[in-house]
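Quick note on numbering: numbering that gives the first Met the number 0 labels position 288 of the sequence shown as 287, and the sequence is numbered without any gaps.
Rather than coming from a laboratory, the hints here were simulated on the basis of the structure. Predicted model, so just to flag it, every value in this text is computed and none were measured. Built from N, CA and C at the ideal position, the CB exists for glycine as well. Be aware that one or more of the hints could be misleading.
[As the list claims (entries may be wrong)] Estimated spans, in silico, between C-beta atoms of each pair:
hint, residue 1, residue 2, range
1, 298, 157, 36 to 46 angstroms
2, 218, 89, 44 to 54 angstroms
3, 237, 96, 33 to 43 angstroms
[Stated by the list, open to error] Within a straight-line C-alpha distance of at most 25 angstroms, the following computed DMTMM-like cross-link-like pairs (lysine to aspartate or glutamate) qualify:
hint, residue 1, residue 2
4, 99, 78
5, 49, 66
6, 49, 90
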Amino acid sequence: MLTCKVWRLRSRAAAACLCAAGSVLIATAGSAFPAVAIATAAGTGWVAQKLPSGTPVLEGVSCVNADDCWAAGSRFARDGHWYPAIVATTDGGVRWVSQKLPSAVNGSVLGISCTSARDCVAVGSEDSPVSIGDGSAGLTLVTSNGGATWQAEPLVPNNGFQSVSCTSTTRCWAVLINSVVFTTNAGASWVTQYSSRHQALNSVTCDGAHCLAAGQSKIRPEDGIMLATFNGGATWQRERLPTRTTGLGSVACPTASTCWASSLNGAVGHVIVTHDGGRTWETQLAEADSFSAIACASASDCWVVGQAGNIDATSNAGRTWSAQPAPSPRDYLFAIACTRARCWAVGQLVGGRAKSLEGAIITRAVQ
Numbered sequence: 000m001l002t003c004k005v006w007r008l009r010s011r012a013a014a015a016c017l018c019a020a021g022s023v024l025i026a027t028a029g030s031a032f033p034a035v036a037i038a039t040a041a042g043t044g045w046v047a048q049k050l051p052s053g054t055p056v057l058e059g060v061s062c063v064n065a066d067d068c069w070a071a072g073s074r075f076a077r078d079g080h081w082y083p084a085i086v087a088t089t090d091g092g093v094r095w096v097s098q099k100l101p102s103a104v105n106g107s108v109l110g111i112s113c114t115s116a117r118d119c120v121a122v123g124s125e126d127s128p129v130s131i132g133d134g135s136a137g138l139t140l141v142t143s144n145g146g147a148t149w150q151a152e153p154l155v156p157n158n159g160f161q162s163v164s165c166t167s168t169t170r171c172w173a174v175l176i177n178s179v180v181f182t183t184n185a186g187a188s189w190v191t192q193y194s195s196r197h198q199a200l201n202s203v204t205c206d207g208a209h210c211l212a213a214g215q216s217k218i219r220p221e222d223g224i225m226l227a228t229f230n231g232g233a234t235w236q237r238e239r240l241p242t243r244t245t246g247l248g249s250v251a252c253p254t255a256s257t258c259w260a261s262s263l264n265g266a267v268g269h270v271i272v273t274h275d276g277g278r279t280w281e282t283q284l285a286e287a288d289s290f291s292a293i294a295c296a297s298a299s300d301c302w303v304v305g306q307a308g309n310i311d312a313t314s315n316a317g318r319t320w321s322a323q324p325a326p327s328p329r330d331y332l333f334a335i336a337c338t339r340a341r342c343w344a345v346g347q348l349v350g351g352r353a354k355s356l357e358g359a360i361i362t363r364a365v366q
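Model the full structure from these sequences, guided by the hints.
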């Protein structure tokens, strides 16, 4: 029997377990496919389109422009193993295509980072007999031809990857459950820059030599943690967060100085902001639903999504936030990516069809 651990599921509520979760398809009228949502021509909301049939739960998304995006996740097969899955679009989501991955690779992909229409690095966890995540090996998949082929790099022992952020075709930072690692060869090898067995890291974002890694305490999972480096990882430091900031699941920096982070678990979801690259933070938004991920199209326009299907947005740098309706308010939304033209959020369709784990992508134009 496959055992899931909270540290593997950065995009789930603290007690959730993907291998026990049921999900169903919510599709456009007359369609038997999993749903994708895309903005109306005027960019006034989130509406539905199609994914390839059988697309599983999606937990990571990366877009390099208004046309080229990749979304990644995993499927649970009849043989009792998890297998990575990646879908891609070259037309902004009008058509999504399943990518062919190495057949010998099993496991789950939680994060993906693309730096061009050809170059992407996807990370996750190898499927082990015990668990996916804490204790299993880190999985890296790489493409340099737009996904025509993907290559599996050597496994990283002991911990699964949670998130990855690349600043070039070869230089990437990633967080494992207990550590921050760095590669200069697109994941062929990784070097540990920071490690703590008392912390669970969920998300990383980098721009040049500046990186932020967000997570939570393993001793007190309700406490958020933010790590920062301003010298490419030569040193990492823990930054002070506002009082009652819960475990953080996502961090995004539209500029070198302005960054937002969102809380993953706890009774109240928080969005916090910094204007000095992460040295000081303040709370901007607190509401009853927790948040899975946050992304920004600019220093003024940001969206945060949650596993209750909740979407909140700001167009004035966080001075005010407003709720936006999702195509289905019951869908779980786990990750979001924005360009200056469009945003995409990915997750899991939820409903009454038992034993089904199917994915969803919703996207809208940036107004």
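Discussion item. Name the hints, by number, that the structure is in violation of.
Written reply: none
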